[in-house]
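Engineer: Which chain is which? The protein sequence lines are A and C, in order. Each position in the first sequence, counted from 1, maps to that position plus 29 in the numbering used here. Each position in the second sequence, counted from 1, maps to that position plus 29 in the numbering used here.
Don't take each hint at face value.
Treat identical chains as interchangeable: a pair holds within one or across any two.
Stated by the list, open to error - Quick list of in silico lysine to any residue cross-link-like pairs, SDA-like style, CA-CA up to 20 Å:
#1 Lys146 with Gly253
#2 Lys197 with Gly353
#3 Lys283 with Leu297
#4 Lys163 with Leu281
#5 Lys146 with Glu110
#6 Lys197 with His77
#7 Lys364 with Arg288
#8 Lys163 with Met287
#9 Lys364 with Ile88
#10 Lys283 with Gly166
#11 Lys223 with Gly135
#12 Lys56 with Gly85
#13 Lys284 with Gly165
#14 Lys283 with Ala304
#15 Lys284 with Leu251
#16 Lys293 with Ala304
#17 Lys146 with Pro101
#18 Lys284 with Thr164
#19 Lys307 with Gly165
#20 Lys217 with Pro101
#21 Lys284 with Gly252
#22 Lys75 with Ala54
#23 Lys109 with Leu143
#24 Lys305 with Asp357
#25 Lys305 with Val105
#26 Lys300 with Ile88
#27 Lys283 with Thr164
#28 Lys109 with Ala220
Calculated directly from the structure, the hints in this document are not laboratory data.
Number of protein chains: 2
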Amino acid sequence: MRIVVDAMGGDLAPDAAALGALDAAEKLGVQVVLVGRGEQILACLKRHGIETLPQGVEIAHAEDVVDMHDDPASVVKTRKESSMVVGLRMLADGQGDAFVSAGSTGALLSAATLIVKRVRGIRRAAMGPLIPTKTGGRTVLIDCGANAECTPEFLLQFAFMGSYYAQKTLAVERPRVALLNIGAEDTKGGALQKQTYALLQKANDAGYINFAGNIEARDVPLGGADVVVADGFSGNVLLKGIEGTALFMASLVKKIFMRNFFTKLAGLVCKQGIAKLKGMLDYRETGGTLLLGITKPVVKAHGSSDRLAMFHSIRQAAEAVEAGVAQDLAQNIDKMTVPKELDHVSGT
Amino acid sequence: MRIVVDAMGGDLAPDAAALGALDAAEKLGVQVVLVGRGEQILACLKRHGIETLPQGVEIAHAEDVVDMHDDPASVVKTRKESSMVVGLRMLADGQGDAFVSAGSTGALLSAATLIVKRVRGIRRAAMGPLIPTKTGGRTVLIDCGANAECTPEFLLQFAFMGSYYAQKTLAVERPRVALLNIGAEDTKGGALQKQTYALLQKANDAGYINFAGNIEARDVPLGGADVVVADGFSGNVLLKGIEGTALFMASLVKKIFMRNFFTKLAGLVCKQGIAKLKGMLDYRETGGTLLLGITKPVVKAHGSSDRLAMFHSIRQAAEAVEAGVAQDLAQNIDKMTVPKELDHVSGT
């Protein structure tokens, strides 16, 4: 297996990507191609005492870099020689099985759609991060920012994509798919939710997915579903709201132990439990976010990814290749169409 | 000041309301009218050793009770003699200055709009709960569930309502008003966000509000704004997402101390800090949620409110009466209209 990695994306480029790639080649036995400015990558490796490229690691030179201020929709044209565009082209050409980048989310999504293409019949690619939950498991939240405005058909397809992904990655046989809403009853929400509810119910009745009804945001971190389907706007609000609350709560926990000498001692006694809590909040071990609906796996790593985070994003990409979600989607695309009576709401 | 309280709303009725009202009359020096089944309220007080109604507390009999399964829009017709409808009618008739209920949110919103009416010119009443933040302050999140589908004009009005409310209740001179969005740039979000952004910017330039731009959900619990403006759907998702994450994190904190004998001892050492964390998560001391845009203060108390929570909701109602937000709104309604060029998106 061959993973193409954008060496120049993210705050800690190229070090994080280069060293994370080395770790992946060594520990996972995958081949990694680092795409970016060759001399910078080599200089970085040298700084870390590595004089020759280890086995399984290659460099593919790309002169340019996508900037966070570039217009996402036009990087394919304006940044033809960037590490992101060159890497995605390699993926599309069969020179790799997956692509990982810590660069601009918008640019990655747009370029992946244009270069690697969506699965035939899939209307929109979506982002499906894994959220840790109280039950000790993880939940796929799809979409969470790729598509601010959605139709019921997009959400129906997100449900299928999330369900296949959960089956393969979380090893849940019949993932409970729920629709993010502001109440449990099927009359809740706006037109988008009501119409999507009807579509998901039909898909459930046909045995295609295991639809568990609406879910309120409160029950998502508590583990109420395996897959949470949302338009990109509210999904993003939920994801970021969870992040911010976790940070806030972590600061409160820190205060518990920093009050005085005795509470600091208590902190030492509790250090295992504290480490476990920190581990749950550490996105670095979760990996990045898979773009679902693209013909080949593309993983968006966190912008501030370090060596460890890049390693886990590459691991996640390798797992996605093995899972073969794109194939599942292609084979089942007929089940994801919208019945005629709802057609007026499904186009954009 | 006279606060009308729905004695029959919520899971712990009538005990929570009756006892909370007694506490409020005693500690705040306000008059309280308990609306509901007289004999049940008296029997409840008797159970708690209270034989005669204390000074400042009255009972207004209402035979019926709004049920959680009633259609919210029709309770005014179908439950004419319910404690909620009778209480709101008393408020409208000038027999009280504010109304508090732990009953159904939808029914309360609908009945308050029909009976007590919206401030002239206000398109929609909104719910504006106060969220504790990392900076130790609180943020008004408006709307968070009353209006699933919104127009830019609704959101403009929410911004004004939230800003007056924050000024009066949080004692912030120039509240930082921000628009909930999926990115900081003014090009982010859907049509609703882009058009609202333009309206809020104009209101800022005219000196009406202090618009701080877009805010991502992550920065809300971190204290990034004093007022967060959102459509009811995404506001509800954020509010409930914060709740669920806080519950999840609290369970993780508990685990830290429950590992073994020594960590339990450590928990004793840290009990002050733990109590402080618990206090921040305890909605009971925050009070309920004020419905903004109604001509008189109406407070929705949490459905599971106990005596303490009802006391604080009554306190909040009393503070809202003193703040006089409705008057501010009425005087400034001209500033909250939408310019002609955006008129096509402002109707419903």
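Engineer: Could you run down the list of hints and mark each one as holding or not?
Structural biologist: Against the structure, the hints come out as follows:
1. Proximity of Lys146 to Gly253 under the C-alpha cut-off of 20 Å is found in neither arrangement, the shortest distances being 33 Å within a copy and 38 Å between copies.
2. Taking the shortest alpha-carbon separations for Lys197 and Gly353, only the intra-copy value of 8 Å comes in at or below 20 Å, while the best inter-copy value is 57 Å.
3. In the homo-oligomer, the alpha carbons of Lys283 and Leu297 lie at most 20 Å apart both inside one protomer (12 Å) and across protomers (16 Å), since each shortest distance falls under that limit.
4. Both within a single protomer and between protomers do Lys163 and Leu281 lie at most 20 Å apart by alpha-carbon distance, with minima of 19 Å and 8 Å respectively.
5. In this assembly of identical chains, the alpha carbons of Lys146 and Glu110 lie at most 20 Å apart only when taken from the same copy (19 Å versus 62 Å across copies).
6. In this assembly of identical chains, the alpha carbons of Lys197 and His77 never lie at most 20 Å apart, being 37 Å within a copy and 58 Å across copies at closest.
7. In this assembly of identical chains, Lys364 and Arg288 lie within 20 Å of each other by CA distance neither inside one copy nor across copies; the values are 58 Å within and 48 Å between.
8. Within a single copy, Lys163 and Met287 get their C-alpha atoms only as close as 26 Å, which misses the 20 Å cut-off; across copies the closest is 16 Å, which meets it.
9. In the homo-oligomer, the alpha carbons of Lys364 and Ile88 never lie at most 20 Å apart, since the shortest distance is 42 Å inside one protomer and 60 Å across protomers.
10. With identical chains, the CA atoms of Lys283 and Gly166 are at most 20 Å apart between copies only, with a shortest distance of 18 Å across copies and 25 Å within one.
11. Proximity of Lys223 to Gly135 under the C-alpha cut-off of 20 Å is restricted to the inter-copy arrangement: shortest distance 17 Å between copies versus 29 Å within a copy.
12. Within a single copy, Lys56 and Gly85 get their C-alpha atoms as close as 11 Å, which meets the 20 Å cut-off; across copies the closest is 74 Å, which misses it.
13. Taking CA atoms no more than 20 Å apart as the test, Lys284 paired with Gly165 passes between copies only; the shortest distance there is 13 Å, against 25 Å inside one copy.
14. In this assembly of identical chains, the alpha carbons of Lys283 and Ala304 lie at most 20 Å apart whether taken from the same copy (12 Å) or from different copies (14 Å).
15. Taking the closest pair of Cα atoms, Lys284 and Leu251 come within 20 Å of each other only across two copies (15 Å); inside a single copy the shortest separation is 24 Å, beyond that limit.
16. Taking the shortest alpha-carbon separations for Lys293 and Ala304, both the intra-copy value of 15 Å and the inter-copy value of 17 Å come in at or below 20 Å.
17. In this assembly of identical chains, Lys146 and Pro101 lie within 20 Å of each other by CA distance solely inside one copy; the values are 16 Å within and 47 Å between copies.
18. Taking CA atoms no more than 20 Å apart as the test, Lys284 paired with Thr164 passes between copies only; the shortest distance there is 13 Å, against 26 Å inside one copy.
19. Taking the shortest Cα distances, Lys307 and Gly165 sit within 20 Å of each other inside one copy (14 Å), while across copies they are farther apart (22 Å).
20. In this assembly of identical chains, the alpha carbons of Lys217 and Pro101 lie at most 20 Å apart only when taken from different copies (12 Å versus 35 Å within one copy).
21. Taking the shortest Cα distances, Lys284 and Gly252 sit within 20 Å of each other only across copies (17 Å), while inside one copy they are farther apart (27 Å).
22. For a Cα distance limit of 20 Å, the shortest separation of Lys75 from Ala54 inside one copy, 18 Å, qualifies, whereas the shortest one across copies, 75 Å, does not.
23. In this homomeric assembly, Lys109 and Leu143 come within 20 Å of each other (Cα to Cα) only inside a single copy, at 12 Å, whereas the closest approach across copies is 60 Å.
24. For the homomeric pair Lys305 and Asp357, neither the shortest alpha-carbon distance inside one copy (35 Å) nor that between copies (50 Å) is at most 20 Å.
25. Proximity of Lys305 to Val105 under the C-alpha cut-off of 20 Å is found in neither arrangement, the shortest distances being 42 Å within a copy and 52 Å between copies.
26. Proximity of Lys300 to Ile88 under the C-alpha cut-off of 20 Å is found in neither arrangement, the shortest distances being 41 Å within a copy and 55 Å between copies.
27. Taking identical chains as interchangeable, the C-alpha atoms of Lys283 and Thr164 lie at most 20 Å apart only when they sit on different chains, with a minimum of 14 Å there against 23 Å within one chain.
28. In the homo-oligomer, the alpha carbons of Lys109 and Ala220 never lie at most 20 Å apart, since the shortest distance is 41 Å inside one protomer and 30 Å across protomers.
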